[in-house]
Amino acid sequence: MSRARWTPYVLIAPTVLLMAVFVVYPVGSVAYYSLQHYDVTRSWANGFAGLDNFRQMLLHDPLFWQSLGFSARWVVVEVGLQLLLGLGLALIVNETFVGRGLARALVFSPWAVSGVLTTGIWILLYNPSTGVFQQLAAAGIGSPGTSVLGDPATVFPATVVAELWRGVPFFAILLLADLQGIPPDLYEAASVDGATRWQRFRMVTLPHLRDAIVLSTLLRAVWEFNNVDLLYTLTGGGPADQTTTLPLYVARKAVDAHDFGYGSALTTAGFVVLLFFSVLYLRLSKFDRR
Amino acid sequence: MSRATTIAVILACVLGLAGCGGGDADGKVTITFWDNNGGPGRTPVFQHLIAEFERAEPDIHVEYVGIPSSSVQQKYDTAIAGGATPDVGGVTTSYLSDLVGQDALAPLDDRLAGSPLRDKLLPSLVDDVRQAGGDHKLYELPSSANLDVIWYRKDWFAQAGLQPPSTWDELLADAARLTDRSANRYGYTVRGGAGSVFQLLSEAYSYSGQPSFFGADGTSTTAAPGNVDLVRRVAALYGKATPAADVNNGYTQMVAEFTGGSVAMMHHNLGSSGDLLKALGPDKVGAIPLPVGPSGKRTVVPNPTDGFAVFKAGEHQDAAWKFVQFLLSKDSNSYWNQQVGQIPANTDVYADAWLRADQPVEMALGVLRAKDTVLATAPFALPRFSPITKADSEPRYQKVLLGTLSANDFLHGLADELTAAERDWRSHKG
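Here the protein sequences come in this chain order: A and B. The first sequence finishes on residue 290 if you use our numbering, and the numbering steps up by one all the way, no holes. The second sequence finishes on residue 430 if you use our numbering, and the numbering steps up by one all the way, no holes.
Simulated from the structure, these hints should not be mistaken for laboratory data. Even glycine gets a Cβ: it sits at the ideal position worked out from N, Cα and C. There is no bait here: all hints are sound.
To spell it out: a stretch of chain A is covered by chain B in this simulated footprint if at least three of its residues, at any positions, have a beta carbon under 8 Å from a beta carbon of chain B; those stretches are:
#1 116–130
#2 146–153
#3 235–246
#4 250–258
All chains should be built: construct the whole structure from the sequences, respecting the hints.
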């Protein structure tokens, strides 16, 4: 009896232990440091801070709000466009046509390129002396020396396009896999009933893709919110904080300025935002009730 | 043998092996040396010097560890916390006070006093190192000095019939004259990205002639009228006589613009001589000192001084000292600085033929040794100097370049932060 009662706990113990080590401890230590003054360059003032860091962040730090606002804009625009384009590409390469294998390989290939290489490619493309805009200027379109990453008016679309290039394949792969799981007889039945192409898409395809869309947008939103590599290497958050997301701001405060207490408070804020968003999103999409 | 005994024996062997890292059975001593800027430029130079040293001192083996300069301070901090510091470490004055504050370094005053190097090291560098340590003892022996210079395209200046500028007025006028935007050619490049503000301050002090970063009461001189004037004038060049991409430029992008043939002048230091001379050759590239401002006085903000420190926790401090002495001896110091293109600390090297043939180094040495040069040393010992001038100020300088913040407001904000940090630090350092 007692043996049977303990068995399940013994079996989940390794998982619980790993979760504790790799999830609970790091999250807990960030929460702990967010309540401390912990600044390497002002070591004499280190110690318990209460809610000082949060008060500073919420009431006296315009950059916190600015970076949070930019993160929100970045996530909405990126995830929205990636979903639309990814779905479109998945539908195209799901059709039967000559060269479909090659087309699929091309659609997926950006996903196989590492993040740092991706930014390397885009830095070269956007290079004002040798990149694509210089070529265009030589052909009489635009002016020479155009720096899309240096101009506050163009830096947002320029970074969005670079990240789209890398992000669209993720949706395309995931949605294509799901598209192939839709039984063909459903489409046949719909056709027999006289459904148009659009009606077949809306009544058959979309309901089938629902779970995949919910899960992939949620995952991608979290990833985009936490995206550091592309923006850090393309713009460093600049010019003049125009592309500083919350994680980039954390990196600047904690890693560059050695203020780990305040950096932890910012991280905690990001964690709470993501947690709230995830729960809300899953509730709204009724994902957990099915 | 039971399994437990076997494991114990294996463990004992492993621990025994690990334990004899310092003194080998044949009486050889092994010391560890951390290069604070390891990479393709410096590692082979050190490896050559270490081989020479081991030939001269067969009983000492030096283990070289190259560490990237961007993470070296963290590595030292971690090593100190974990009790695993090297015997000898490359250090610069920018984080010397951090190491001294953690009581990690051995003072070298007595050792130097009894060494043949005693009168050989350039006095201004030795003073600089003493000042940077925080308590006026000698914790680092300087190996090289590095000075800010303006690199310029000799060929473009010759084509335009211009002499390289000696005042800021001339430089700004030349920058405009050498710009031909339709040909994607610009007179100057502004560093607007990583590392921008330290370079900007060096320009501002050279223009205003302010002799120090702080007044006696700890008030920052950063917002002095001359400094504001210079920042305003440089920012006015941006986008007109400089590429528009400059607002994001760090070191790599600046060098790429210069070597790629799109800018005529670039402010950096002797550290870039390798990259520039390799790409363009000495016929096309020259170096001039940072120009002077309206006062005509030459004021220079020196770069952090590179050198070597002996760590307190090391078991073989005598061997470590021997190695440091060897690295700073005339031949080694000469070889080292010739390879990396910097100013030797050992004054015996100044008569060497290579130095007199190396225009940038010889010019910089002349500036450093000139009687009327004022050294406005940056407050590297102030712990908040780096966070304030980098993390906080670099994005704000981009706003100045983009025209959304005035030079005056920018420098006054920076000065207020520096003043507060300096006073805070003075009241706590005891």
